[in-house]
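**Student:** Those protein sequences? They're chains A and B, same order as listed. Going by the numbering used here, the first sequence opens with residue 1, and the numbers climb by one from there. Going by the numbering used here, the second sequence opens with residue 386, and the numbers climb by one from there.
Simulated from the structure, these hints should not be mistaken for laboratory data. One or more of the hints may lead you astray.
Said to hold, decoys possible - Part of the chain A face toward chain B, derived, beta carbon under 10 Å:
no.: 1; residue: 2
no.: 2; residue: 5
no.: 3; residue: 12
no.: 4; residue: 19
no.: 5; residue: 87
no.: 6; residue: 203
no.: 7; residue: 204
no.: 8; residue: 207
no.: 9; residue: 255
Stated by the list, open to error - Capping the alpha-carbon separation at 30 Å, the derived lysine-lysine pairs in DSBU-like fashion look like this:
no.: 10; chain 1: B; residue 1: 458; chain 2: A; residue 2: 383
no.: 11; chain 1: B; residue 1: 410; chain 2: A; residue 2: 371
no.: 12; chain 1: B; residue 1: 603; chain 2: A; residue 2: 290
no.: 13; chain 1: A; residue 1: 7; chain 2: A; residue 2: 240
no.: 14; chain 1: A; residue 1: 4; chain 2: B; residue 2: 516
no.: 15; chain 1: A; residue 1: 11; chain 2: B; residue 2: 500
no.: 16; chain 1: B; residue 1: 410; chain 2: B; residue 2: 512
no.: 17; chain 1: A; residue 1: 11; chain 2: B; residue 2: 458
no.: 18; chain 1: B; residue 1: 450; chain 2: A; residue 2: 207
no.: 19; chain 1: A; residue 1: 4; chain 2: A; residue 2: 383
no.: 20; chain 1: A; residue 1: 290; chain 2: B; residue 2: 439
no.: 21; chain 1: B; residue 1: 458; chain 2: A; residue 2: 7
no.: 22; chain 1: A; residue 1: 11; chain 2: B; residue 2: 603
no.: 23; chain 1: A; residue 1: 290; chain 2: B; residue 2: 454
no.: 24; chain 1: A; residue 1: 290; chain 2: B; residue 2: 458
no.: 25; chain 1: B; residue 1: 516; chain 2: A; residue 2: 290
no.: 26; chain 1: B; residue 1: 500; chain 2: A; residue 2: 4
no.: 27; chain 1: A; residue 1: 4; chain 2: B; residue 2: 439
no.: 28; chain 1: A; residue 1: 116; chain 2: A; residue 2: 142
no.: 29; chain 1: B; residue 1: 516; chain 2: A; residue 2: 227
no.: 30; chain 1: A; residue 1: 290; chain 2: A; residue 2: 257
no.: 31; chain 1: B; residue 1: 450; chain 2: A; residue 2: 383
no.: 32; chain 1: A; residue 1: 4; chain 2: B; residue 2: 454
no.: 33; chain 1: B; residue 1: 512; chain 2: A; residue 2: 290
no.: 34; chain 1: A; residue 1: 240; chain 2: A; residue 2: 4
no.: 35; chain 1: A; residue 1: 4; chain 2: B; residue 2: 410
no.: 36; chain 1: B; residue 1: 500; chain 2: A; residue 2: 371
no.: 37; chain 1: A; residue 1: 11; chain 2: A; residue 2: 290
no.: 38; chain 1: B; residue 1: 603; chain 2: A; residue 2: 371
no.: 39; chain 1: B; residue 1: 454; chain 2: A; residue 2: 383
no.: 40; chain 1: A; residue 1: 257; chain 2: B; residue 2: 512
C-beta: ideal position from N, C-alpha, C; glycine also.
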Amino acid sequence: MNNKRTKMFLKMITSSLIRRRSRMIIALLAIVVGATILSGLVTIYYDVPRQMGAQFRNYGANMIFTASGEEPLTQENVEKGISYIPKNELVGYTPYRYETVRINEQPVLVAGTDIKGTEATSPYWYINGNRPTANGQVLVGKNVANLLGVKVGSTVEIHYYDNEAEKSDDDIDLGTTMFVTGILETGSSEEDYLYMSLADLAEITEKVGSYNVVEISVSTSGANLEKYIERIDSNVEGVKARLIKRVTSSEGAVLTKLQSLVFIVTAVILVLTMICVATTMTAVIAERRKEIGLRKALGASNSSIVGEFMGEGLLLGGIGGILGSVLGFVFAEIVSVNVFSSSITFRPLILVISVVVSVIVTGAACLIPIKSATEIDPALILKGE
Amino acid sequence: MSLLEIRNVSKIYGELKALDNINLKVEDGEWLAIMGPSGSGKSTMMNIIGCMDKPSMGEVLLDGKDISKESEKNLTSIRRDKIGLIFQQFHLVSYMSAVENVMLSQYYHSMPDEKEALEALERVGLKERAKHLPSQLSGGEQQRVCVARALINHPEIILADEPTGNLDEANENIVIDIFRQLHKEGTTLIVVTHDPEVGEVAERMIRLEHGRIISDVKNENFRG
Ligand SMILES: Nc1ncnc2c1ncn2[C@@H]1O[C@H](COP(=O)(O)OP(=O)(O)OP(=O)(O)O)[C@@H](O)[C@H]1O
Ligand SMILES: [Mg+2]
Numbered sequence: 001m002n003n004k005r006t007k008m009f010l011k012m013i014t015s016s017l018i019r020r021r022s023r024m025i026i027a028l029l030a031i032v033v034g035a036t037i038l039s040g041l042v043t044i045y046y047d048v049p050r051q052m053g054a055q056f057r058n059y060g061a062n063m064i065f066t067a068s069g070e071e072p073l074t075q076e077n078v079e080k081g082i083s084y085i086p087k088n089e090l091v092g093y094t095p096y097r098y099e100t101v102r103i104n105e106q107p108v109l110v111a112g113t114d115i116k117g118t119e120a121t122s123p124y125w126y127i128n129g130n131r132p133t134a135n136g137q138v139l140v141g142k143n144v145a146n147l148l149g150v151k152v153g154s155t156v157e158i159h160y161y162d163n164e165a166e167k168s169d170d171d172i173d174l175g176t177t178m179f180v181t182g183i184l185e186t187g188s189s190e191e192d193y194l195y196m197s198l199a200d201l202a203e204i205t206e207k208v209g210s211y212n213v214v215e216i217s218v219s220t221s222g223a224n225l226e227k228y229i230e231r232i233d234s235n236v237e238g239v240k241a242r243l244i245k246r247v248t249s250s251e252g253a254v255l256t257k258l259q260s261l262v263f264i265v266t267a268v269i270l271v272l273t274m275i276c277v278a279t280t281m282t283a284v285i286a287e288r289r290k291e292i293g294l295r296k297a298l299g300a301s302n303s304s305i306v307g308e309f310m311g312e313g314l315l316l317g318g319i320g321g322i323l324g325s326v327l328g329f330v331f332a333e334i335v336s337v338n339v340f341s342s343s344i345t346f347r348p349l350i351l352v353i354s355v356v357v358s359v360i361v362t363g364a365a366c367l368i369p370i371k372s373a374t375e376i377d378p379a380l381i382l383k384g385e
Numbered sequence: 386m387s388l389l390e391i392r393n394v395s396k397i398y399g400e401l402k403a404l405d406n407i408n409l410k411v412e413d414g415e416w417l418a419i420m421g422p423s424g425s426g427k428s429t430m431m432n433i434i435g436c437m438d439k440p441s442m443g444e445v446l447l448d449g450k451d452i453s454k455e456s457e458k459n460l461t462s463i464r465r466d467k468i469g470l471i472f473q474q475f476h477l478v479s480y481m482s483a484v485e486n487v488m489l490s491q492y493y494h495s496m497p498d499e500k501e502a503l504e505a506l507e508r509v510g511l512k513e514r515a516k517h518l519p520s521q522l523s524g525g526e527q528q529r530v531c532v533a534r535a536l537i538n539h540p541e542i543i544l545a546d547e548p549t550g551n552l553d554e555a556n557e558n559i560v561i562d563i564f565r566q567l568h569k570e571g572t573t574l575i576v577v578t579h580d581p582e583v584g585e586v587a588e589r590m591i592r593l594e595h596g597r598i599i600s601d602v603k604n605e606n607f608r609g
């Protein structure tokens with residue numbers, strides 16, 4: 001198109017929008033709201049799997065190592081196994097060594113572990129008191145605490161017999177006195193254990209034993225986990241890796257439901273936006289019948305009438321789309337910070353797509369009203385008001 | 386060959402003959418006034434000459450070409466090229482300035498040119514008000530903008546339907562003066578009016594009643 005004509009065209013559609021803003025503001029608002037929801041929800045839609053993954057890992061580790069065959073699970077082969085998991089996806093891992101000790105003549109299961117490490121692999125632990133921070137301190141499972149009648153601040157005396165059969169009344173065993181810093185409540189089998197550091201357990205048992213199990217938390221999808229497990233199993237001697245299925249499969253199910261919900265809500269909002277824009281545009285065309293008749297009387301062809309009104313509509317759609325897309329990102333960020341306590345990933349493509357979709361939706365909404373504009377008779381302007 | 390020739394034209398709305406077997410020739414450069422009571426068919430005739438409506442019967446020859454059976458699309462392009470329109474209710478685009486309203490007519494015709502549009506406004510004495518919106522202009526000034534818009538594309542015929550119907554005496558005289566000038570330059574003018582003063586300044590006057598031409602007289606006192 002020629003330069004001067006293009007300039008006039010742009011001037012016409014912009015001054016129509018600017019100088020008649022009270023009417024156009026309603027349509028603009030509808031488009032902004034539509035684009036906000038669209039870009040906001042789609043941003044969340046794409047970010048939720050990542051966010052949800054992080055959330056679900058709060059509910060525990062998603063992989064475990066146990067010993068395979070004859071080889072014991074040592075620090076060395078655990079580290080070898082861990083090396084197959086990309087560093088940036090590894091949230092943490094915690095080894096456990098189990099032994100049976102006696103406290104007040106009662107057999108009690110002890111788990112030696114990296115107490116600090118449980119924060120990453122078992123963040124859901126509810127502790128009445130605190131996690132042990134130094135040697136000589138223990139965390140007691142609720143059931144064990146009930147059995148022994150201990151509270152936060154109590155001490156327990158721990159006896160260990162290498163071989164239960166060897167135990168005799170002649171043995172003079174003063175036991176090891178340890179301080180209870182917290183009672184652990186989880187509602188499941190963890191409450192049956194007494195937790196202490198690996199160093200304390202080594203001292204009590206007088207040996208550095210191998211691990212029984214290692215819990216690992218990896219920030220990735222189920223499919224990737226399976227891939228890592230396969231590699232570890234085939235490459236690392238003595239390590240049998242396994243998936244903790246319960247968590248990962250429910251993660252997937254919730255995600256699918258959430259995403260289809262997002263999809264439906266977005267579609268409904270877009271349809272509502274379209275109805276609102278179409279209604280406004282119909283009113284605008286009715287209001288401007290005289291003007292359209294005049295333009296035709298001045299020699300405007302139907303295609304230039306369509307072009308001018310479509311131009312206004314698309315310009316409106318573009319402005320609304322840009323405003324809405326930016327607002328939508330802000331909205332997604334607010335939701336993310338409040339619900340998932342983490343920032344959203346900025347995706348420029350979503351912004352571009354929601355602007356394009358806003359323009360298309362506005363254009364589609366304008367089709368029927370604009371078609372009716374072309375049917376206006378130029379002769380009407382020679383008739384009195 | 387006449388610029389415009391109307392042959393046996395009728396326009397029928399149901400029972401009503403808005404135009405009843407009209408025959409009329411208008412020569413190039415002529416200044417014709419059409420008078421007649423309300424409902425006599427003046428606007429109907431303007432619509433047909435202005436390519437905004439088609440007759441029910443008869444032929445309308447513009448430049449020797451029959452336009453009575455053209456498609457709407459062709460009528461639009463004939464109107465764009467040959468006709469300049471002036472209306473009683475002015476009909477300016479409310480959100481565009483005076484000069485932009487004039488340029489709108491250029492835009493649909495060929496090429497918007499601000500310099501030319503300003504010259505046209507100067508002719509009607511409105512150069513100073515070029516940037517004003519219609520709401521900031523008086524009725525007379527708005528009608529002068531319409532005149533500038535009608536003449537900007539140098540049409541063969543200017544059709545004016547009650548151009549002074551909403552104007553006071555002073556503005557009426559300004560518009561008539563502009564018509565005189567246009568006539569001098571050779572533009573064909575067809576002006577519908579109720580007002581005898583506006584009718585009497587024309588070169589020729591026809592009178593319509595019930596869709597028929599009941600008189601067609603040359604103005605003896607025409608002063609050109
Ligand atoms: N679209 C239409 N449908 C039916 N009748 C119409 C239509 N347009 C005009 N008429 C009738 O045709 C007759 C002539 O109308 P027209 O508008 O040409 O009158 P006019 O001479 O311009 O009157 P006025 O001076 O009041 O403007 C009138 O009786 C009018 O009611
Ligand atoms: Mg009329």
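**Student:** Mind listing which of the numbered hints don't hold for this structure, in increasing order?
**Tutor:** Hint check: 5, 6, 7, 8, 9, 11, 12, 13, 16, 18, 19, 22, 27, 29, 30, 32, 34, 35, 36, 38, 40 fail, others pass.
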